[in-house]
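Undergrad: Read off the chains here:
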Amino acid sequence: MSTPRTPQTPQAPQTTGPAPDTSVNDVNDLIGSGQEGSVADQARAYLQRIQHGDMGALPAVAGLVVLTILFSFLSPFFLTERNFANLLTQAATLVMLGMALVFVLLLGEIDLSAGVTSGMTMALFIVLVNVHAIAWPIALAIAFAAGILTGTLIGFFVARVGIPSFVVTLGLFLGYQGLTLMIIGSGGLYRVQIPEIRDIQNSNMPVWAGWVMLAIIIAISAGISFWDRARRTRAGVPNRTIALVWIKLGVIAVIGGAAIAVLSRNRGQSVGVVEGVPIVVPIVLVILWIGTFVLDRTRFGRYLYAIGGNAEAARRSGVKVMAIRWSAFIVCSTLAVVSGLFSISKVGSIDAAAGREIVLSGVAAAVVGGVSLFGGRGRLMHAAIGALVIAVITNGLGLLNLPAGVNLMVTGGVLILAATVDAISRVRAGGSLMRT
Amino acid sequence: MDVPLIELSGVVKSFGPVSVLKGVELKAFPGKVTALVGDNGAGKSTLIKGLAGVQPYDGGEVRFDGAPVSLHHPRDASRLGIEVVYQDLALCDNLDIVQNMFLGREETEFGTFDEGLMEKEASDTLRSLSVRTVKSVRQKVSSLSGGQRQTVAIARAVLKKARLVILDEPTAALGVAQTEQVLNLVRRLADQGVAVILISHNLADVFEVADHIDVLYLGQMVAHLDADQTSRDDVVGYITGTKVQQGASA
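Residue numbers (my numbering), protein chains in the order written: chain A, 1 to 436; chain B, 1 to 250.
One chain only, chain B, in its complex shape (with noise of 0.2 Å):
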């Protein structure tokens, strides 16, 4: 099997006496869709906001590319090239597009902002998605729909190229053709190398979009399964817990 981009082991959080991940494995290998299913409360949200750096685990080791990290901080994340879109898309509605997909990293000459360069980059990044909904990259985003934020959040992180990218159910609050859209489009990042974890109820659109299926079940990773390997109502087995994988993580 290829090195994986990221290998979580033995992860642990609690908020006070609730502890939400139990010593939880996780790998995301370059250029493959890995899907993270499971229950409300399963502990998704934990297990991404850490790799994001905005609530670090308790323990726990986290390597990328081999090499033991910390991610503390957002930009501990960052900088090693990991870019989450969450769920309830985290975009500032008094600034434009152009602002928000640089939000935090912004192009600066003489120490002010290159806003030609800044939004050559975004529309340029607009396009190589074949975004086609946005009229403007000045708009402010508090004029678009929910399918338009959703792109424009994972715009933002595909902008900086970066090497693993996280979503947060992005076709949650999708019609049928941008959920179609955005599928096409985590597959295309996949392809460009990128490691992608997506976080999905859908099942269809997890079979239709990743390599691997892991399983996640009150804080443990109950199933490391393949896609082409496995079948729905298996995966709906795991997430309910009413079956259990041989030799997975206890």
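Looking at chain A on its own, in the form it has when it is part of the complex (with noise of 0.2 Å):
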């Protein structure tokens, strides 16, 4: 391109549409926005903030792609549109509880509970529903009540009275697996006889519907990012050249195409049709869509990150630290219990274990995924990522036939990667370890 030296001046206004106020040209360019130039410069001003540690879901990404090939390889029921499917339903209950943990971990917090209140409100839920004949709406609006009062009291003792998460939550994990096994019985197990419920993780939506989520989807995508640049335009301040969206529309458009494409496709094994993508992937994709709007775009997202970053700057500044962390571990407990039901809707009952051994998986995910667990970096879609990049690792050694103790092996190996790959990327960038 033109101007390939000079990628963060505001040296380009013929690409950039509105040029920023040239009438005091000696100063003026001196500040840029990172804005300008062409998608030649963009390219490279993002592969200068990779090579300054600043990775995002890159390896994880990269780790999907590999393990996608590597598995294709190994096993002819890998790529199978079934198989594709059946992924998607595995890894909605992981990358769900990842995401609840985003919130948390932005703040260098942790919820070890998430994952037994995600079993204890559900056992409440089917108990409810199967012993009390309660009707399933009103118990699960009691289950949702229930997530919500656990990140409450949670929130209460980390936030208010200040003892660290760790120990709060470890202590509510060890208390609500007592819970569970109380509300449910020892060695009880209730199936999940609720079809709306079961329709989640089981049922498809049909393939018009596929089609027309994708429609929405970059309908959505398209508004918000011309919303933006008329912002910024009204503004004055440079746009990032309009090719960039051409670029990011047309990405999600054949991904999704070609998602929806597979899913729409007939894999029934025997005489039924199976088509449609599975509910549970809307379902996600709005509280992806939601979440990352919050995060990105409102005052309590960025608090999240102010405080995680800096914690008595972020006081100086007039946030309300105390309640932004509080609210934090109650949005995490309330999305758990969105785990939770995507779990029971999968395996179709419930016992006193539920819960118990997910949650650390879900910092897994987290962490492959590019979160930082001392808070101030990281993307609810980094945690989906990583939540996929397990679930490929539990599904295809499944189909090998391999043992649960080589998944687990595997799985801790993948974990110590990312993590590897994180500091070595900032270290290198000349950072410390324990630094954002």
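Hint data in this document are derived by calculation from the structure and do not stem from the laboratory.
Quantities reported herein were computed from a predicted structural model and do not represent experimental measurements.
It is possible that some hints are incorrect.
To be verified - Output of the computed footprint for chain B on chain A, the stretches with three or more beta carbons under 8 Å from beta carbons of chain B:
{"no.": "1", "stretch": "228-236"}
{"no.": "2", "stretch": "297-308"}
{"no.": "3", "stretch": "316-327"}
Yeah, the Cβ is synthetic: ideal placement off N, Cα and C, and Gly gets one too.
Since each chain comes alone in its own frame, lean on the hints to assemble the complex.
TA: Rendered as structure tokens:
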């Protein structure tokens, strides 16, 4: 391209739409906004950020691609339509839990009780329906209320009393296992017989609805991009070259279109036709989108990052640190209930051990995806991608008929590998391991 | 004499048995730079933390524009137009320059950020301070040098047209050229009618920009001086406690 040497300065007004005020050229040209320049300039700036240790979900995406290629060679079943749909529903619970945890991980906190919170609330839900014959929507509302109450409780002890979240949620991790046991009764197991709940993970949308969903995603994405551009133009700051918007929409269209095309083919094994996008997928996407919107564009989200980066600075700026901390735990516990819902829908039953094992996988998913345990860095999408990586490992190794022990060892190895890649990129960029 | 923008009288603050401020008086005037000097432990930081609302005073009166006000929360201070630039630069490393400058007072439209507007105001502010070292306003603060961070912190205070800006050792970590730039900036702030309180150990800096010099010694204000009617030796004398001003608060 024409101006390859100055990617950060607004030297290419012909490609940036309205050029910034040019009356004070000498000073004006010295402060850019990172929005200027052609596609190539933007790509170069992106590469620079990666070299500076700002890798985001890149290692996880690369891992996902490598694992997919690897397993498709090792097993003839891996790349089938049926397994793809299966993989999505297997991953949904972990994706949801990983996203829930991002809200507290951004603060540099942790919620070890997220898994048992999902288990306890679902035990409550199903026992209320099966034993006490309460209408399921009311029982579900009670389950969500219990989740919100749990988050409020954790938030109180962490944000108000000042106990480390590790300790509070470890205590709750133990306590809720006991509570679940008492709700369910020892050795008991309840079937999930509510059709609407079973449908979440076991039924599919009509084929046309999948395409409509993709159209809506593209429309919303385009709408927001152009809204942002209009606001930037109004404020008189340069926009990124419009080609980037088309590239982004194109990528969504191609990847999303490919996924929906695969899911739209009949994957039934016998006479019945099984086709369409699993119902859980749009639910996850909506929560992912709302959550990302809140984190990127609202005060609550910005303050989560600020507190995770420097809580004292946030406090001095007038941020209500305690209230934000408190609410983060409420959001986490509430989303954990959704994750529990996906879990019982998939499994079809609930026992006293529900949610005991999954929480550390949720943390692993977030970390594999590029969320920092020290706070201040990470996105919901990172946790979702990390969860997919772990789900692909579980799914792929399962197809190879390898023992469960191998699965756990490989997952553990991937987690450490991801953390190592992250740490090395950070050290090489001159940062320290402990900082965000 | 002019009407002070802010006037403290009889301010006390103690931490447990340790009494840090023992009835302090302080005035700052619009358009003037008031230097606050004193040795380590004299209570300078405690005094400004109270003004910022971060660490409320135990007692005493604060008048702003002649009316008594209470400063119990950072929001109280920012509502009055009091902005503090701390020595340890309270910035979030993981956020960019614009996000830091607007932290706690983001511009929103329908509850969501108006990033374009914030970016515009941030770069206008930096430009008005003739900042030449920052490449992009979307740089993360973690990638900035100490001098650049100081600039961002000061720009943050300037951004919302503060009426009283308190600078805590703004030049302590800077090189010669950047110190000069920051002092110019301090002068420019005052010329715009802002009341500036400058805390510094560097008496050369103080004499370069200050109109008034207030000396704090062991939690008490021992001298109110006019910068052009005093000397460096006098100020050092007050700071070290070897000299006592006639008529100053006991």
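Undergrad: Within the stretch 316-327 of chain A, is the number of residues with a Cβ closer than 8 Å to a Cβ of chain B three or more?
TA: holds (count 4)
Undergrad: Verify the coverage statement for the stretch 228-236 of chain A against chain B, using a C-beta to C-beta distance below 8 Å and requiring 3 or more qualifying residues.
TA: holds (count 7)
Undergrad: If you count the residues of the stretch 297-308 of chain A with a beta-carbon closer than 8 Å to a beta-carbon of chain B, do you get 3 or more?
TA: holds (count 7)
Violated hints: none; the structure is consistent with every hint.
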